[in-house]
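Trainee: Letter by letter, the chains look like this.
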Amino acid sequence: MSEMILHGQPAVESQTTALSNNVYTPRFDVCETDDEFTLYGEMPGIAPEDVEIRFENHQLAIWGKMAPRHPEARYWTQEYGIGNYYRTFTLGDAIDARLIQAEVKDGILTVHLPKKAEARPVRIAVKPG
Amino acid sequence: MLMNRLSPLHLLQEMQNSWNWLDELTSTTRPFVAPEAYPAIRGWSDDENFYVEAELPGMSLDELEILMADGQVLTIKGERKGCPDNRRKWLQREQGYGSFQRQIRLPGTVDQQKVEAELMQGVLTIMLPKAEEIKPQRIPVKGT
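Protein chains in written order, with my numbering: chain A, 1 to 129; chain B, 1 to 144.
I should point out that these hints are in silico values taken from the structure, not numbers from a laboratory.
There are no misleading hints in this set.
For lysine to aspartate or glutamate, the following EDC-like pairs were computed, each having C-alpha atoms within a straight-line distance of at most 16 Å:
#1 A:K105 x A:D50
#2 B:K114 x B:E132
#3 B:K114 x B:D70
#4 B:K89 x A:E36
#5 A:K115 x A:D35
#6 B:K77 x B:D62
#7 B:K89 x A:D34
#8 A:K65 x A:E49
#9 B:K81 x A:D106
#10 B:K89 x A:D35
#11 A:K116 x A:D96
#12 B:K81 x B:E63
#13 B:K89 x A:E32
#14 B:K135 x B:E48
#15 B:K81 x B:E65
Which chain A residues face chain B? A few, computed with CB under 7 Å, are given here:
#16 C31
#17 E32
#18 W76
C-beta atoms are modelled at their ideal positions from N, C-alpha and C, and glycine is treated no differently.
Extracted from the complex, chain A is given alone in its bound form (with noise of 0.2 Å):
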């Protein structure tokens, strides 16, 4: 855990205000494994073409960008809103960003942070003395 600080903090830049106005913090489930780690985010209704992942500076910054959906109904509830989707996480030494994949199923944005060669555990074998 120590190797990766995670929060959510939304920040609204220009890029965004051409499709909408609102901006979620969605929900990430993040595990671990021995070669990698794994997040797992909430983004309902988001397209593959609409994620823009950018890894800079230890900093990876998800941004999913949604067009409202059927914005000219006439609603009888709206119990949520429907926005951009934007969540930063900070990453230790540990990731190596070169290999760092990412894809949506679902609604599920799976993004894998595989750990560099000398951060992975190694078995050490001990021999009977």
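Let chain A serve as the given structure and place chain B on it in line with the hints.
Mentor: Frame of chain A; chain B shown alone:
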């Protein structure tokens, strides 16, 4: 008490007990807050149909059940299953898992036989055709 290797979980349990105790003592002075209804919905209508939309990321159609009753009561129920892989170590879990059921009364009666539902990219959209008697009708105006 002689003890070695005191588990931090033990200490957490002690803390938890204190909180439970505090919670119990103060529960009568707090207003009752209903648990958040899941899933949240958006509903709209046009002349022909009612529409209900819910965000259900990571769910498949076979985990979902949609029921209509009395021509007006819509029930969405299902179970959001977590990832069963035990080799993983979870560092953070913000998503919710488990069974849910949401029941709403539509603004008018619908033709139950013709209700259609679609799940795309984690967004469930249900189209409910309005019953004939509640569709808007054009009234001809006669001149004299």
